[in-house]
Amino acid sequence: GAGVSQSPSNKVTEKGKDVELRCDPISGHTALYWYRQSLGQGLEFLIYFQGNSAPDKSGLPSDRFSAERTGGSVSTLTIQRTQQEDSAVYLCASSSSTFNSPLHFGNGTRLTVT
Amino acid sequence: GENVEQHPSTLSVQEGDSAVIKCTYSDSASNYFPWYKQELGKRPQLIIDIRSNVGEKKDQRIAVTLNKTAKHFSLHITETQPEDSAVYFCAAYSGAGSYQLTFGKGTKLSVIP
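Going down the list, the protein sequences come from chains A and B.
Counted from 1, the first sequence has number 41 at position 41 by my numbering; the numbering is strictly sequential.
Counted from 1, the second sequence has number 34 at position 34 by my numbering; the numbering is strictly sequential.
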């Protein structure tokens, strides 16, 4: 079946602009995660959504970052007033409602801030 | 929250040899430990996972062991092949009822033909 879909695959933006990254999880998956991966680095947790519960935003690095998930499906990660240090690959993942279920990752959005 | 330490950061082995990657975690309530493989420019993909009710799990050339008392778990790859070359990440859930998955910093494995 269809996996996790992210768009755009690449995004180049100027410093100070806002960007929106989109994630479409696997159908039926209630948990959705955003991670950030800088070049050659590990996976930095940003935020996750689980069903109708309040999201865990503990990983968001600043108030310029926000995310929403509409209708329990598609999610959008928004970065306002982008900075060069925001350049990274933003990975979305989803998992089923079962506790301790594997995460399935999308191909990511490569964000470059010039 | 959970803290996951992973070692080594880089590992080179000859084709056919074994590779071992080790991780430690801090939260004694964590009970699910997946391993992901990420090839260059690709997304991370689950290769094996283990839950705390077992001490070892095998899948062909890959095995994972878990020591809950010591709070560490390891990935073992036997008979390594060039296509095993990738970055491997361990991870742990942040405890009972939590959906936050914390990753180690990764191990870059190079298999030399």
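Where hints are given, some of them may not hold.
Stated by the list, open to error - Distance ranges between label pairs, derived from CB positions:
#1 B:Ser-28 x A:Ser-96: 20 to 28 Å
#2 B:Lys-71 x A:Ser-53: 35 to 43 Å
#3 B:Gln-45 x A:Glu-20: 39 to 47 Å
#4 A:Gly-28 x B:Gln-45: 36 to 44 Å
#5 A:Asp-18 x B:Thr-69: 47 to 55 Å
#6 B:His-7 x A:Ser-87: 39 to 47 Å
#7 A:Gln-80 x B:Gln-81: 39 to 47 Å
#8 B:Glu-39 x A:Glu-85: 40 to 48 Å
To be clear, the hints were calculated from the coordinates, so they are not data collected in a lab.
Glycine residues also receive a C-beta, built at the ideal position from the N, C-alpha and C atoms.
Status of each hint after checking the structure:
1. B:Ser-28 x A:Ser-96: 20 to 28 Å: The hinted range 20 to 28 Å holds for B:Ser-28 and A:Ser-96, with Cβ atoms some 25 Å apart.
2. B:Lys-71 x A:Ser-53: 35 to 43 Å: This hint is violated: roughly 28 Å between Cβ atoms.
3. B:Gln-45 x A:Glu-20: 39 to 47 Å: violated (26 Å)
4. A:Gly-28 x B:Gln-45: 36 to 44 Å: At 20 Å between Cβs, range violated.
5. A:Asp-18 x B:Thr-69: 47 to 55 Å: holds (49 Å)
6. B:His-7 x A:Ser-87: 39 to 47 Å: Since B:His-7 and A:Ser-87 have Cβ atoms about 28 Å apart, the given range 39 to 47 Å is violated.
7. A:Gln-80 x B:Gln-81: 39 to 47 Å: holds (46 Å)
8. B:Glu-39 x A:Glu-85: 40 to 48 Å: Cβ of B:Glu-39 to Cβ of A:Glu-85: about 26 Å, so the range 40 to 48 Å is violated.
In summary, the structure is inconsistent with hints 2, 3, 4, 6 and 8 from the numbered list given earlier, while agreeing with the others.
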